[in-house]
Each structure stands twice: as C-alpha cells, then as structure tokens.
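Undergrad: Each chain, written out:
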Amino acid sequence: MSRSKHLILWLLPLFLLGCSGEASNQWHGHNITGVMPDLEFELTDHTGQPVTAEDYRGKVTMMFFGYTSCQHVCPVALSKLAAATRKLGDQADKVEILFVAVDPKRDKKVLDDYVTEFTPDLVGLTGTQKQLKAVAKRYRVAFSYEEPREDGFYIVNHSGAVFVFGPQGKVRLLIDEQSRTANITEDLRRLIEQSSG
Amino acid sequence: MTLPTLLEQTVAFLVPYEFSPTVLLVCAAAALLYQRGWSRAGGGIGQAVMFWIGLVGMYVVLQTQFDYYGQHSFFMHRLQHLVLHHVAPFLIAVSAPAAILGAGLPEPIHRYVVAPLRRNWLLRRLYAAIQEPLVAGAIFVGLIYFWLIPSVHFYAMLNVPLYNTMNWGMAIDGLLFWWMIFNLRAPGASDMRHYGYRLLVLFLVMFPQIALGAYIALSDHDLFGIYAACGRILPITPLTDQAIGGLLTWVPAAMMSVVGGLVLVHRWNRRSRHVQKPVSPHPWLCEVRSCRDPNI
Chain G
1 MSRSKHLILW LLPLFLLGCS GEASNQWHGH NITGVMPDLE FELTDHTGQP VTAEDYRGKV
61 TMMFFGYTSC QHVCPVALSK LAAATRKLGD QADKVEILFV AVDPKRDKKV LDDYVTEFTP
121 DLVGLTGTQK QLKAVAKRYR VAFSYEEPRE DGFYIVNHSG AVFVFGPQGK VRLLIDEQSR
181 TANITEDLRR LIEQSSG
Chain Z
1 MTLPTLLEQT VAFLVPYEFS PTVLLVCAAA ALLYQRGWSR AGGGIGQAVM FWIGLVGMYV
61 VLQTQFDYYG QHSFFMHRLQ HLVLHHVAPF LIAVSAPAAI LGAGLPEPIH RYVVAPLRRN
121 WLLRRLYAAI QEPLVAGAIF VGLIYFWLIP SVHFYAMLNV PLYNTMNWGM AIDGLLFWWM
181 IFNLRAPGAS DMRHYGYRLL VLFLVMFPQI ALGAYIALSD HDLFGIYAAC GRILPITPLT
241 DQAIGGLLTW VPAAMMSVVG GLVLVHRWNR RSRHVQKPVS PHPWLCEVRS CRDPNI
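Chains G and Z are the protein sequences, given in the same order.
The first sequence begins at 1 in this note's numbering and counts up by one.
The second sequence begins at 1 in this note's numbering and counts up by one.
Isolated chain Z, as found in the complex (with noise of 0.2 Å):
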C-alpha cells in the first residue's frame, strides 16, 4: 500500500458517519478544559495519558467510520459500548481529572454556571442517589441487559434518536459508575469503608455480566436478526458475529472489574499507610494533605 492511499483511507476512516455537534462540542469543550487546566495546574504525566486515551477513544467510536461497523455488526458494536461504558471512561475517572478541569474552567463560568449547579438542592440529592455504589452498579449492569433485550435492540439499531440516547447513555453512566469507583467521597463518611464497599460492588457486577455475554456467546441461533435485516459489512458468519459480541461483553468487560478492583486495592494499601503513620502531630493536617493527593 503507498503512502497516498494510507493516508487518504487514514482520513476516510476519520470522517463522522453520522455527523454529531453535540458529540464534537462535548469533547472539543472537554479538550480545551483539559489543556487549560493543564497548563495551569500541571499534573502527573501518567495522568493526563489516561484522560486523553479515554476521550479520544470515546470520540472515535462515535465520530468517525467506527459507528457505521458499530450499526452493521454485533461484535463491532459490543466493542463500541466496551469502549463507551467501560474502558474510556475508566480511563478518565482514574486519572482523577476533576482538579485539572476545575483549574480550567473559566471563572465566570464557574461563578455562575457549575458553582450554583453544585449548590442545588435537587441535583445534590438526585446525585447522591445515584452515586450510592450499590445503585450504580445496578444501573451499570442494568443498561447493558436493558440495551441488549432483542426487541429494544432492534429499535435502538433503527430509530436515530433511540441509538443517540442508548450510546450517550452508556457514555454517561460508564463516568458516572467508574467516578463513583475511583473518585466517591461521601462528606462526612469515612474512605476506609467506601474502599470495601466499592471492591464489592465491583465484584457484583462481573456476575451478572458474566453470565449475559456467556448466554450470547454460546447461544446457538441468531438473537439479533437486525443485522441480518439491515445488512452484515462483515465478512463473517451471524453466529461467529455473535460468539464475538458475546466473548467481549463477557469476558473483558468483566476483566475492567479485576483491573478496578486492583486499582482499588493498591491505593486502600497506600492509605491505610499513610493514616496509620503519625507524621504530625495535629491529625488533621494529615486529613487536609491527603484530600488534595489525587492519587488518593
């Protein structure tokens, strides 16, 4: 293959297929938040790797030929909700960007736009309801069998808007669920517990996943005749198309609960550590330093 025609497939491939503002104004804002931030506030290398690999990686599965194999395949598809619900937006929460995009927020905006959303009553509450791990995770788990009832799917894969909902809505709950991981802090509740806590929730969500991508993967007849209606790119058989779509909603979806889990598990260590040496001799100087740690 010559340079020209790599290069002129590389830019195929990056034109949207279905063309979204709201997705492009969503990430260019985030982008720039970022950057911003950034440049003002620094932060870890490692960091800012994760929170570019995981919003460039939701970018992509939305907003360039990677839908079009999405609407035309299952396994493609379960592969751009891995991307969507588990691994970019694990990647994001992890890196803890919330301090950089705060340093990045214009002032005024966050004067009279996200300080006075934080201070609502109703959005405090609706959040905290849905940041209780338990009922995130069964939201978690809920959307990924709500999507994957056959007879939504075959709406979801005809209807624009109904498609939209279901891929933000599994962006949106992947931060959530995975923010909710690495970043809860209850006011007034002690982090020791929450790491425990967290680490069951995300062993109760394996389960369930587990237990759905199997039933996929080793089904022995089509349960998706929308791809077959609305045209296969691929070519593989429906019921290889399948077997793959199954594999991955069971097998490395469940795997980011294990990666999570240790994740969790190394910085429980680390701050068990940190608690337990009395490095001051006013305790709360401690409390104050390591809430700043993002790492933490």
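Okay, chain G solo, but in the shape it has when bound (with noise of 0.2 Å):
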C-alpha cells in the first residue's frame, strides 16, 4: 500500500505540470501568469516626469530591459514589439511598449530622442542604480557593464526577455528573443479580448 502511495506522490507533479503545459499551449509565449509578482516600479520616463507602474493601468505591457547604445538586440526587439503593436491596427492604443534602460550614464541624456524613432507606443523608462536594481530583482533578471574600451564605448549584458502584462497589471507572458512578430501580435490580440471581455 506505502508502495503505490509514493508512487502517486511522486506522479502528482508531473500530472499538474501536464495540466499547466497544456493551458499554455494556447499561446506563442511562455505562460507564466502568477508566476512572478504584478508589474511595479518606480522609474522616470523618458520625458523625465516620475511614473509608475500605476500610471500604465488600463493598457497590456510589455517590458522589455536594453540600453540605448545598444547596437543590435535592443534596436531589434524595440522594432519587433513596435511591429507587432502595429499590427493590431486600430487596437494598438491599448498596448504600451516599456523600454527599460538600465545604463542611465549615457541613456538619460538620449532617451527622448531614442525612443520617438520607434513609435509612439514606446515608453522609455531610467531612473537611478537603485531604482533600475530593485525592477531588474523584482523579475529576475540581470544586467551588468563590460569594462570601457580604449574610445570609451562599453558593453552592457542584459536580458533578452519581454515581460507581458495584463491590463491590471498581473504578469501574462514571457516572451524570448526568438518570437515572431506575428506570433507576437496574435497573443497581444488575445490578451486584449480576455480583458474587454
């Protein structure tokens, strides 16, 4: 009997996570709804007002953390999610795009500028070491400075995920790097319709 109990015991996770994989197969991304904590910062925006994650209530999210000189990843993901927000045509007002940039030495000055030149979804949010540290935490991620090279330019690693939130703020979606756009598009259109419906 102690045999076959354990044995249940041991089954019972493997069951639920069969159960979880199937309810996230309905979407392109990674399903991960409850996994981490609601969406929830204290930034500047790249027209330097104080924001917070309040102030983007009401709309889908997506975040995503680069820097400004950043010469491919960054440019390249800015310009998938702007696509694909795009995409939704006339629902596209109801997805806001949040650029993290965690290198503030050389993004505070540029941002404005930097962010205009994907669309006007875009959101460019900095703010100090501290600040950019306890959001970075918050969803697990991390980023770090190279050393300079000899002109001055250096590296910052950081991570290649969206975070994709809910209208209230609750965490949907982790989207990787490799994603397309059109896939992209089809779950913000469904995350959308879950919440106006």
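Bear in mind the hints are in silico, worked out from the structure with no lab data behind them.
Be aware that a few hints might be false.
Unchecked claim - Anything over 12 Å on all C-beta distances counts as not near chain Z; from chain G, calculated: (1) Gln26; (2) Phe41; (3) Asp45; (4) Thr47; (5) Thr52; (6) Asp55; (7) Arg57; (8) Lys59; (9) Pro75; (10) Lys94; (11) Gln131; (12) Arg140; (13) Asp151; (14) Phe153; (15) Glu186.
As the list claims (entries may be wrong) - Only some residues are given here: those of chain G computed to face chain Z with a beta carbon under 10 Å: (16) His30; (17) Gly34; (18) Val35; (19) Leu88; (20) Lys137; (21) Tyr139; (22) Ile155; (23) Asn157; (24) His158; (25) Glu177.
Keep in mind it's a predicted model, so treat the numbers as computed, not measured.
Glycine included, C-beta positions come from ideal geometry on N, C-alpha and C.
Assembling the complex is the task here: the two chains are given apart, and the hints tell you how they should meet.
TA: Written as structure tokens, this is what we have:
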C-alpha cells in the first residue's frame, strides 16, 4: 500500500505540470501567469517625469530591459515589438511598450530622442541604479557593465526576455528573443480580448 | 587593489542577494547547537572542521551574492547545487555530528519537542522508508533530473517560492542521502550488510549523474533558454556556460561517490578488524563500545 502511495506522490507533480503545459499551449509565448509579481516600479520616463506602474494600468504592457547604445539586440527587439503592436490596427493604443534603459549614465540624455524613433507607443524608462536594480531583481533579470574599450564604449549585458502584463498589471507572458512578430501580435490580441470580455 | 576596497568588496559579497530569515535562523540554530554541544561533550578537531566547512558552505551559497551569480549563470547554478547537494551535506554527515548536536540541545526542547517527534510512529515509518538505501539513492538522482528538466528549470528560475523549494529540497535531500551513507543504523539489522549495500547505492547513483552531466556538457544547443532570457552576468558564451555546468554535474558530482566509497571501505575495514578481535569475554561489551564510537 505504501509503495503505491509513494508512486502517487511522485507522479502528482508531473501530472500537475502536464496540466499547466496544456494550458500554456494556447499561447505562443511562455505562460507565466501567477509565476512572477505584478507590474510595479518607480522610475523616470523619457520626458523626465517620475512614473510608477499605476500610470500604465488599463493597457497591456510589454516590458523589455536594454540600453540606448545597444547596437543589435535592443533595436531589433524594440522594432519587433513596435511592429507587432502596429499590426493590431485600431487596437494598438491598448498596448504600451516599456523600454527600461539600464545604463543611465548614457541613456538619460538621449532616451527622449531614442524612443521617438520607434513608435508613439514606446515609453522609455530609466532611473537611479537603486531603482533599476529593484525592478531587475523583482523580475529576476540581471544587467552588468563590461570594461570600457579604448574609445570609452562599453557593452551592457542585459536580459533578452519581454515580460507581458495584463491591463491590471498582472504578469501574463514571457516572450523570448526568437519569437516571431506575427505570434506576438496574436498573443497581444488574445490578451486584449480577454481583458475586454 | 587597496585594503579598504578589498574589505568593501568582501562586505558587498557577504550581503545576501535575497535575504531569507529561515536560512539564517536554521544555520544559526545549527551553529549554536554545535558550539554548545562541543563545549559540553567535546569531539575530534577534524570532525568539527568538516562540520563547520559544511555548514558555512551551505550558508554562503544561499545567502551571499553567490546566489545572484547562481541565478544568472548555469554553471554557477550547478556549482551552487554541487555544494548544497553533494559537498556540504557530505562533510556534515561524515563528521557524525548527531552526538554533539544532541549534547547541545537544551533539555526542555529535547524532552518536549525532539523526543516526541522521534517517538512518532508516522515520522519513524516515513523516515525509515526514505532512508532505505535504494529509495534514498533514487530520490537523490531523481531530484537532480527533475530540476534540470528544461521546462521545470524555466519556472524554478522565475518563481521565487519554487526557486526556494528547489534549493531547500537539494540541501535537505543532500543531508538525508549522505546521512544514510555514513550514519545509517537500522535497528536489528547488521551493519556489515549495510556497508556493502550502501557502497552499491553510491556506485549506482554515479552513472545517471555522469550520463546527465555528459548530455548537458556535450549538447550543441542551449538547453536552458531561461539564462538568456534573464540576462547572463559572466562574459562567457551560452554554450561555454552550459558545458562547464554539465562538467560540474558530471565529474565532481560523481567523484563524491568515489570519495564516499573510500570512507565507507575504510570504516568497514576498521569495523571488521574490530569485530574479529575477541577483546572481551562478553561480546556485547564490544558492540556497545563500537556503537558509541562516532567514527564507526
């Protein structure tokens, strides 16, 4: 009897995993509903205004960590997010892209110009090291600065994930770098439909 | 580097990345009990050194910036688990601290908390079941495999309670497994038979670890995308990170079985010589003495 009990105890987690796996199959991104904390931060936006997560309630938000001097990863990722949002058509204004720039030394001066190049839906966010580290820790991501080259340029290591939150700030999806634009659009549309229904 | 910056960096390293009062409390309680028991009952110096290295090792990988690196680099994560599941519990268990910890326990806690727990029928049955060598070996290997299933690993690195469950699970299972290897004494069962049985289990757990470690180390694609998603902090490529992590799961983890086996063979030998020598006209006297010797 105790043998079969043991077996059930061991199989239970696998069974539960199987269930959650099925549920997440509806999404192209990873379903992380309930896995991470709600959207919360205290930062400064690209216009220099202090903002909190409350300011973006009511919209589906996509949060991405990067830096303005980033030459490849960030522009590609941000263009992809902007394109995915544009494809939503008249629902595009229900989505906000939050670009958390983690290199305040260089980002602060140029953030305003940088974000307007992409899309009106993009919000650039930065802050003090303490504020940025708090947000990074909350979403279990890391950023670090490499040694400067001779010309003073330095690389910033940062995360590649996009965290997607529902209109109430509840965490919903994690989208990785390889995601296709059309799939992101589809996920966003489903999130908007769910929240309006 | 000047002394003040070195000090500053050391202090910065020692600050917990994610402070856990539970880890602090458990480690402090163990340290206090051991210290108290040591001053009352005494013990071997080698024994104490191993216990302290094990305890401090567990604390350091959980409650310093080491944990930050463990969350953002696969090989540092494997190193963290190597300490939590293999090295630190090995040292603690091989130091046979039960008598010293017991001597450090305040009498009321022993009488009203520990003794009833030890008498509890259900707990005894459960403990006996999971300390059955083959079962303990299966759990030991099973846990390593379970947390390295890529989808499980993904959620464990994102979700704080799950992450803590993983680390606590590794530490507790490590203690149970190595405790079974070095301290198992089933009532009524012959120790001699158990030495061989335990050696067999040590031998058996090596192969699945080697297979898993080799699979990860030699894999030509990134198995654990979560580290790219959450940002790597060490300037190495994803595949190098993964290869070192795989090697850590493969070589030192399996080596611990070899070291454990050597300790067991040594104790087995000593014990056999001891038993063969008719030192007393009453054989049970010899038995009583050997049971009290923590090194046997």
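Undergrad: Determine for every hint whether it applies to the structure shown.
TA: Going down the list of hints, with the structure as the test:
no.: 1; hint: Gln26; verdict: holds, 16 Å
no.: 2; hint: Phe41; verdict: holds, 17 Å
no.: 3; hint: Asp45; verdict: holds, 22 Å
no.: 4; hint: Thr47; verdict: holds, 27 Å
no.: 5; hint: Thr52; verdict: holds, 22 Å
no.: 6; hint: Asp55; verdict: holds, 25 Å
no.: 7; hint: Arg57; verdict: holds, 23 Å
no.: 8; hint: Lys59; verdict: holds, 23 Å
no.: 9; hint: Pro75; verdict: holds, 18 Å
no.: 10; hint: Lys94; verdict: holds, 25 Å
no.: 11; hint: Gln131; verdict: holds, 17 Å
no.: 12; hint: Arg140; verdict: violated, 6 Å
no.: 13; hint: Asp151; verdict: holds, 19 Å
no.: 14; hint: Phe153; verdict: holds, 15 Å
no.: 15; hint: Glu186; verdict: holds, 20 Å
no.: 16; hint: His30; verdict: holds, 7 Å
no.: 17; hint: Gly34; verdict: holds, 8 Å
no.: 18; hint: Val35; verdict: holds, 5 Å
no.: 19; hint: Leu88; verdict: violated, 24 Å
no.: 20; hint: Lys137; verdict: holds, 8 Å
no.: 21; hint: Tyr139; verdict: holds, 8 Å
no.: 22; hint: Ile155; verdict: holds, 9 Å
no.: 23; hint: Asn157; verdict: holds, 6 Å
no.: 24; hint: His158; verdict: holds, 5 Å
no.: 25; hint: Glu177; verdict: holds, 7 Å
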